[in-house]
Amino acid sequence: MINNLSFTRFSSEFKNAFSVLRLDVSKIASIYESSSEKFFPVFFLAVPPVLNLIFAMLSFSSFGAIFSRFVLWPIVIPFLSVVAAAFIVCTVLKKWLKISIKYLGIFRVVCYSSVVLWASTVVFLLDAVGILQASNLSNLIFNIGAVWMVIVMYKFLFDYLKIAQNNAYIVLAVYVIGYLLSQKILGSLFVGSYYRIF
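In our numbering, the protein residues as written are 1 to 198.
Calculated directly from the structure, the hints in this document are not laboratory data. Wrong hints could be hidden among the right ones.
Once the Cα atoms are required to be at most 30 Å apart in a straight line, the calculated DSSO-like pairs of lysine-lysine come out as [unchecked claim]:
#, residue 1, residue 2
1, Lys-15, Lys-27
2, Lys-155, Lys-95
3, Lys-15, Lys-102
Hey, can you work out the whole structure from these sequences and the hints?
Right, dumping it as structure tokens:
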């Protein structure tokens, strides 16, 4: 799969990701079921924090600055929290609702919907060239993106898995709480009281 990384393939997968953002249930279903796809989910989720760290390095004019806990972890933690929340949702679906689900399938759906978080790289780029400060605006954009990811998850739960609406709302609440709690724990652990979710 990694050998077939042509421009056409990248273009096709980005179109798939944008179809997920447009709440195309058939595309969400196909990504969930696509057990062979491993590279692009990680690619969509991992590239923004890497680019943001590079742009942060440029804005600080120092390579070492990005390894500061005040730069590295505030950029990386939200993305780790997205992954943690996805697996918390999987556990709730499997253990509480007794639904046979694919952990990696849900992870793929979350990762493809995370393409919305690529908007944060624009903010860090503008920060790197001195047009604006990234910190507060990047948090706002990330949280707006995270809300849209919740909407994608609702579409997946309600229209694809056919979960009852009240159960879907409960699972979404767990997703949001899991996301915020993961940020709080990781932020306290790696950054301390400086870390802010909003």
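Structure-based check of each hint:
no.	hint	in the structure
1	Lys-15 / Lys-27	holds, 10 Å
2	Lys-155 / Lys-95	holds, 21 Å
3	Lys-15 / Lys-102	holds, 23 Å
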